[in-house]
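Student: Could you build the full structure based on these sequences and the hints that come with them?
Protein chains: 2
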Amino acid sequence: MSDIKLINVKESILTDNDNDALFLREKLEKENVFMLNIMSSPGAGKTSLIIATLKTLQDKYRIGVIEGDIDSMVDSEKIVQNGGHAVQINTGGDCHLDSFMIKSAIDTMDLDNYDVIIIENIGNLVCPAEFDTGANLNVMILSVPEGDDKILKYPLMFQVCDVLIINKIDCVKMFDFNFDALMNRAALVNPKMKIFQVSAKTGEGIEAWCDWLSEKITV
Amino acid sequence: MSDIKLINVKESILTDNDNDALFLREKLEKENVFMLNIMSSPGAGKTSLIIATLKTLQDKYRIGVIEGDIDSMVDSEKIVQNGGHAVQINTGGDCHLDSFMIKSAIDTMDLDNYDVIIIENIGNLVCPAEFDTGANLNVMILSVPEGDDKILKYPLMFQVCDVLIINKIDCVKMFDFNFDALMNRAALVNPKMKIFQVSAKTGEGIEAWCDWLSEKITV
Numbered sequence: 001m002s003d004i005k006l007i008n009v010k011e012s013i014l015t016d017n018d019n020d021a022l023f024l025r026e027k028l029e030k031e032n033v034f035m036l037n038i039m040s041s042p043g044a045g046k047t048s049l050i051i052a053t054l055k056t057l058q059d060k061y062r063i064g065v066i067e068g069d070i071d072s073m074v075d076s077e078k079i080v081q082n083g084g085h086a087v088q089i090n091t092g093g094d095c096h097l098d099s100f101m102i103k104s105a106i107d108t109m110d111l112d113n114y115d116v117i118i119i120e121n122i123g124n125l126v127c128p129a130e131f132d133t134g135a136n137l138n139v140m141i142l143s144v145p146e147g148d149d150k151i152l153k154y155p156l157m158f159q160v161c162d163v164l165i166i167n168k169i170d171c172v173k174m175f176d177f178n179f180d181a182l183m184n185r186a187a188l189v190n191p192k193m194k195i196f197q198v199s200a201k202t203g204e205g206i207e208a209w210c211d212w213l214s215e216k217i218t219v
Numbered sequence: 001m002s003d004i005k006l007i008n009v010k011e012s013i014l015t016d017n018d019n020d021a022l023f024l025r026e027k028l029e030k031e032n033v034f035m036l037n038i039m040s041s042p043g044a045g046k047t048s049l050i051i052a053t054l055k056t057l058q059d060k061y062r063i064g065v066i067e068g069d070i071d072s073m074v075d076s077e078k079i080v081q082n083g084g085h086a087v088q089i090n091t092g093g094d095c096h097l098d099s100f101m102i103k104s105a106i107d108t109m110d111l112d113n114y115d116v117i118i119i120e121n122i123g124n125l126v127c128p129a130e131f132d133t134g135a136n137l138n139v140m141i142l143s144v145p146e147g148d149d150k151i152l153k154y155p156l157m158f159q160v161c162d163v164l165i166i167n168k169i170d171c172v173k174m175f176d177f178n179f180d181a182l183m184n185r186a187a188l189v190n191p192k193m194k195i196f197q198v199s200a201k202t203g204e205g206i207e208a209w210c211d212w213l214s215e216k217i218t219v
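From first to last, the protein sequence lines are chains A and B. Using this note's numbering, the letters of the first sequence map in sequence onto residues 1 to 219. Using this note's numbering, the letters of the second sequence map in sequence onto residues 1 to 219.
Calculated from the structure, these hints are not laboratory results. Don't take every hint at face value.
Any copy, or any two copies together, can satisfy a pair, since identical chains are not distinguished.
Okay, derived cross-link-like pairs now, EDC-like style, lysine to aspartate or glutamate, Cα gap no bigger than 20 angstroms in a straight line [what the hints assert, rightly or not]: (1) Lys192 x Asp211; (2) Lys173 x Glu29; (3) Lys192 x Asp162; (4) Lys194 x Glu11; (5) Lys201 x Asp149; (6) Lys78 x Asp176; (7) Lys27 x Asp176; (8) Lys201 x Asp180; (9) Lys30 x Asp110; (10) Lys78 x Asp149; (11) Lys216 x Asp149; (12) Lys27 x Asp107; (13) Lys103 x Asp176; (14) Lys103 x Asp170.
Tutor: In structure tokens form, the structure reads like this:
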């Protein structure tokens, strides 16, 4: 027997998180609530996409938003200004949301009042990919100004997502963004990933995304 | 005495990192090498700014680049294609560079051949802010498409940086970016932070940044 005692903190944290996420997903299923988790770099347009989605689907579903930020209530305020309901999580430094934080937020919500919960994760292409939030659908936004090579650099994020939304396509002429190169890379890393091109600003592509999402919402 | 043994992993990791960073800074000072650490969101323009800086200062200084990525050699290849020297660190999942990784990279370099080392950190506004790399100067890039509200959401990153470079100013008309709001927020969070407006793509503002950087390089 070795004299060295190994404490693998990260593995233990991730296992605990996965177990909590599983329970949360089962709980939401029983309550007939569908949850999606939106991830991206800072400033790729998570809040704008959520507002566009709220406006398109608000007559069909009762939607709640869980806003994750290191600090500030900026995004929650925007959601409320646009007629939505928001619960703000401030992580105080943590770079991702985990299933315990989501459960804490959901515990403050009366689930009888919601069909859909949208999580806006911390703006980060690394750590959020490792933590199952308990959502039914993982969505990532890549904005055109970030470039078409992000799959090569942050592969896990693109692997764990069911949907890739390419945002800010209204300004594609300003940037050197190769859609074919991106599609080829996506096909290699995650061939099942559904891809949409949208502009949350102009509304282009939002209907196609919302139509597809409506088919997935099984409540 | 309590029966509970608390293992504060994060605090211990950060203390070890700070000690390593201190030693590294002293070592580089003795070797007359100045090091800067460039941080930003994914796709804000770290590699483009480094290439523009290399081209402007290559006749004045011998510059080496340490490229940090989760995966891939894409950025190192770009640096080499543009006549630079690069050492690639692939973290394999870690969301930031730390002083141990930087020391490992520097150990592969003959410091007699360099005046300046530029670190390109992982694209992430959260975790890299917590880890001193041993650099003399912390630089962050905020690109116009990300928006003017990032200081509110990722305050630590803006607090630890000596310089804020606002990149992609050539496409400011396409985005709702309020420079005055940003300046006011920056003055509250980090009044000593030097701010430049540049376009690494068109070259606008690069000379002013490089002139200022030359004054800081004390080798």
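Student: Next, verify each hint and record whether it holds.
Tutor: Tested hints:
Proximity of Lys192 and Asp211 under a CA criterion of 20 angstroms is satisfied intra-copy only: 18 angstroms inside one chain copy versus 49 angstroms between copies. In this assembly of identical chains, the alpha carbons of Lys173 and Glu29 never lie at most 20 angstroms apart, being 43 angstroms within a copy and 45 angstroms across copies at closest. For the homomeric pair Lys192 and Asp162, the shortest alpha-carbon distance inside one copy (7 angstroms) is at most 20 angstroms, but the shortest distance between copies (43 angstroms) is not. Taking the shortest alpha-carbon separations for Lys194 and Glu11, neither the intra-copy value of 30 angstroms nor the inter-copy value of 41 angstroms comes in at or below 20 angstroms.
Within a single copy, Lys201 and Asp149 get their C-alpha atoms only as close as 23 angstroms, which misses the 20 angstroms cut-off; across copies the closest is 17 angstroms, which meets it. Taking the shortest Cα distances, Lys78 and Asp176 sit within 20 angstroms of each other only across copies (15 angstroms), while inside one copy they are farther apart (31 angstroms). Taking the shortest alpha-carbon separations for Lys27 and Asp176, neither the intra-copy value of 45 angstroms nor the inter-copy value of 41 angstroms comes in at or below 20 angstroms. In this assembly of identical chains, the alpha carbons of Lys201 and Asp180 never lie at most 20 angstroms apart, being 23 angstroms within a copy and 22 angstroms across copies at closest.
In this homomeric assembly, Lys30 and Asp110 come within 20 angstroms of each other (Cα to Cα) only inside a single copy, at 14 angstroms, whereas the closest approach across copies is 62 angstroms. Taking identical chains as interchangeable, the C-alpha atoms of Lys78 and Asp149 lie at most 20 angstroms apart only when they sit on different chains, with a minimum of 12 angstroms there against 30 angstroms within one chain. In this assembly of identical chains, Lys216 and Asp149 lie within 20 angstroms of each other by CA distance neither inside one copy nor across copies; the values are 29 angstroms within and 33 angstroms between. Proximity of Lys27 to Asp107 under the C-alpha cut-off of 20 angstroms is restricted to the intra-copy arrangement: shortest distance 11 angstroms within a copy versus 52 angstroms between copies.
Taking identical chains as interchangeable, the C-alpha atoms of Lys103 and Asp176 are never at most 20 angstroms apart, the minima being 41 angstroms within one chain and 35 angstroms between chains. For a Cα distance limit of 20 angstroms, the shortest separation of Lys103 from Asp170 qualifies neither inside one copy, at 37 angstroms, nor across copies, at 43 angstroms.
The structure does not agree with the numbered hints 2, 4, 7, 8, 11, 13, 14 stated previously, though it agrees with the rest.
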